[in-house]
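Quick note, the sequences are listed as chains X and D, same order. This note's numbering puts the first residue of the first sequence at 104, with every later residue one more than the last. This note's numbering puts the first residue of the second sequence at 144, with every later residue one more than the last.
Simulated from the structure, these hints should not be mistaken for lab results. Keep in mind that this is a model prediction, so the values were computed, not measured. Every residue gets a Cβ at the ideal spot worked out from N, C-alpha and C, and that includes glycine. Don't take each hint at face value.
[Unchecked claim] As a list, the in silico EDC-like pairs of lysine to aspartate or glutamate whose alpha-carbon atoms are at most 20 angstroms apart: (1) D:Lys209 to X:Asp455; (2) D:Lys209 to X:Asp446; (3) D:Lys173 to X:Asp446.
[As the list claims (entries may be wrong)] Output of the computed footprint for chain X on chain D, the stretches with three or more beta carbons under 8 angstroms from beta carbons of chain X: (4) 180 to 188; (5) 200 to 209; (6) 220 to 229.
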Amino acid sequence: MVNTGVVDGDTEMTVTRRKFDALIIGAGGGGLRAALQLARADAKVAVVSKVFPTRSHTVAAQGGVNAALANVSPDNWHFHMFDTVKGSDYLGDQDAIEYMCRSAPKVVYELDHFGVPFSRREDGNIYQRAFGGQSQDYGGEQAARTCAAADRTGHAILHTLYQQNISARTHFFDEFFAIDLIKDKEGYILGALALEIETGEPIVIEAKTTLIATGGAGQLFRTCTNALINTGDGMAMALRAGVPLQDMEFFQFHPTGIAGKGILITEGVRGEGGYLVNADGERFMERYAPRAKDLASRDIVSRAIAIEVREGRGCGPDKDYVYLKLDHIGADIIKKRLPGIRDSAITFAHVDPIESPIPVYPTAHYTMGGIPTNRHGQVVVPEKEGPEEPVPGLYAAGECACVSVHGANRLGGNSLLDILVFGRAAANHIIEYLNEHRYHRQVDDDAIDRAMARLARWDKGGDGESVPALRAEFRKVMEDHCGVFREHEHLSTGLEKVHVLRQRLQHARIKDQSRVFNTARIEALELENLMDIGIATVASALARTESRGAHSRVDYSERDDNNWLRHSLYFEDGRLDYKPVRIKPITVAPFPLKPRVY
Amino acid sequence: MAEKYSNQYSKDRLLWSCRRGMLELDLLLKDFILEGYDSLQLSDRKAFETLLEYPDAVLFDLLMGKSIAADQGIASVIKKIRSIATSATS
Numbered sequence: 104m105v106n107t108g109v110v111d112g113d114t115e116m117t118v119t120r121r122k123f124d125a126l127i128i129g130a131g132g133g134g135l136r137a138a139l140q141l142a143r144a145d146a147k148v149a150v151v152s153k154v155f156p157t158r159s160h161t162v163a164a165q166g167g168v169n170a171a172l173a174n175v176s177p178d179n180w181h182f183h184m185f186d187t188v189k190g191s192d193y194l195g196d197q198d199a200i201e202y203m204c205r206s207a208p209k210v211v212y213e214l215d216h217f218g219v220p221f222s223r224r225e226d227g228n229i230y231q232r233a234f235g236g237q238s239q240d241y242g243g244e245q246a247a248r249t250c251a252a253a254d255r256t257g258h259a260i261l262h263t264l265y266q267q268n269i270s271a272r273t274h275f276f277d278e279f280f281a282i283d284l285i286k287d288k289e290g291y292i293l294g295a296l297a298l299e300i301e302t303g304e305p306i307v308i309e310a311k312t313t314l315i316a317t318g319g320a321g322q323l324f325r326t327c328t329n330a331l332i333n334t335g336d337g338m339a340m341a342l343r344a345g346v347p348l349q350d351m352e353f354f355q356f357h358p359t360g361i362a363g364k365g366i367l368i369t370e371g372v373r374g375e376g377g378y379l380v381n382a383d384g385e386r387f388m389e390r391y392a393p394r395a396k397d398l399a400s401r402d403i404v405s406r407a408i409a410i411e412v413r414e415g416r417g418c419g420p421d422k423d424y425v426y427l428k429l430d431h432i433g434a435d436i437i438k439k440r441l442p443g444i445r446d447s448a449i450t451f452a453h454v455d456p457i458e459s460p461i462p463v464y465p466t467a468h469y470t471m472g473g474i475p476t477n478r479h480g481q482v483v484v485p486e487k488e489g490p491e492e493p494v495p496g497l498y499a500a501g502e503c504a505c506v507s508v509h510g511a512n513r514l515g516g517n518s519l520l521d522i523l524v525f526g527r528a529a530a531n532h533i534i535e536y537l538n539e540h541r542y543h544r545q546v547d548d549d550a551i552d553r554a555m556a557r558l559a560r561w562d563k564g565g566d567g568e569s570v571p572a573l574r575a576e577f578r579k580v581m582e583d584h585c586g587v588f589r590e591h592e593h594l595s596t597g598l599e600k601v602h603v604l605r606q607r608l609q610h611a612r613i614k615d616q617s618r619v620f621n622t623a624r625i626e627a628l629e630l631e632n633l634m635d636i637g638i639a640t641v642a643s644a645l646a647r648t649e650s651r652g653a654h655s656r657v658d659y660s661e662r663d664d665n666n667w668l669r670h671s672l673y674f675e676d677g678r679l680d681y682k683p684v685r686i687k688p689i690t691v692a693p694f695p696l697k698p699r700v701y
Numbered sequence: 144m145a146e147k148y149s150n151q152y153s154k155d156r157l158l159w160s161c162r163r164g165m166l167e168l169d170l171l172l173k174d175f176i177l178e179g180y181d182s183l184q185l186s187d188r189k190a191f192e193t194l195l196e197y198p199d200a201v202l203f204d205l206l207m208g209k210s211i212a213a214d215q216g217i218a219s220v221i222k223k224i225r226s227i228a229t230s231a232t233s
């Protein structure tokens, strides 16, 4: 126990300290894959997770993991690389993409050996299913590249990695919330301050290396598919530690989420003949995509819905959604082919699609941007020596990171691959770093006090605005101003609004001042994180005057490679900087720029 | 054991246990804690706590009606959770 100097009432608080070789913040697939690699190399590893590890959002990944195994169709990593570069709308870094696609078979076979029950072919090889965006021969015939464990791939990976970590003696801090990174005067990251949710007690976890693996930030938007835990905590911690956030304007949306809830209604519904209507009962997709209509690409359908709502043709009392109509398909077909969708609609929208249309709105799904890293998982920032200087002791992997393999848009099946490849790569680099840095650096109390101050702020009593109300208002502003409909005036107004909300949050108070399982305090800390990265998202989207991948501007509708083939970097002080895309792969020739047409 | 379930500490703990890896579970469980939990008998409260120990994928299948719980107590709680979810209050 050390005296931190932070005064709590009349007594100075003391904080427990623990020391590890590596601290991993986040216990999804990326964090657990890294932890396992480190624990097996005899590093002393701690994993901090705000929920029980197997309740991390990786569990929601049902699709699978891409690897060019060629078990079902002719395939190799070059084709996978081409598809990923094209899918990224050429914003992905081609060295990182090559590394990921070449590593993919190895990480899948490793998982197989760890015990992940991949679905099999009759010949015993791993079965692979076809997903959109997968091709043979650089854009030719459909490829089948996705390895899956039935429809529970994320669940199977997460549980397998957790059990392997228990066997390897990884130390878990379950239900601990990471507050902030601890950084010394020379810029080394030396661990983090965390809060034990059960007791409300802070703890300093000193570590020679820290890996952020906290996942995405879908909770930025009112309508999202992400679990409540996805509040971008690691991204906000990095931002506060002086690390810029990269490419935050790129956020993947799905056109049809249940309005106000976010639960995904798959394209399969429209494939079976379902269609969208506005408040006038008009089948409006005929105006936006006369040929493809309701089966147009995701971004076109998403933007059409947003425009209908924006122009006053939305449905419901607040005119803030459209309807997905299925009743004409017939009860038999709905029951036979869409039973899961029917159950979701009944459960979450309180409508039976056999009789009534489902209220839908575009739902935020995946954060392409995040903490900038190189392909070794090292967090990199612009310094005097160049645009990508490593922050000593700090790593990031998975959806919270921007390595950048997804660029402006992520392909299905590449997110699980990302967490596995770069969780593993980061761990390998950490092992090298630990060999060269054998001793803990001194942690000054000043560094801890800065993190403690963030915690102490919510101990202030008195009256103030409600955190849940501010959260709801913020998420609505994000959805209205920085969702799928983006143009200058709208984004500018949105940026002003989120800044005002961030100011108002300074004056918010929580009524419950207890220490034990004070979930109100955790939600307040989460909202601070969300607002910080929300500002980064809107500011980056406002500045990028082109349309590329998931970032679609109605006032700049074309991709602009002359001016915008570069990564955005948003700093905590509001400054924006840019760095070039790494278009040179490791061993092969670069894929030249082409229009992204499917 | 009754006291364990009757104070705010336990309810806050349960509320945090309802933070899951899937949005569907978050919504179903949180609504149930806020709207249905207080009226449960002790046996149902114990069954609910047992249910929260299930892996997310198993819980999802049970709550979305894709599988059926063999245990009568668990099945009873699942029915109550679904009843709250499908009542048109939000």
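Outcome of the hint check:
no.	hint	result
1	D:Lys209 to X:Asp455	holds (17 angstroms)
2	D:Lys209 to X:Asp446	holds (10 angstroms)
3	D:Lys173 to X:Asp446	holds (19 angstroms)
4	180 to 188	violated (count 0)
5	200 to 209	holds (count 4)
6	220 to 229	holds (count 3)
Hint violations for this structure: number 4 only, all remaining hints satisfied.
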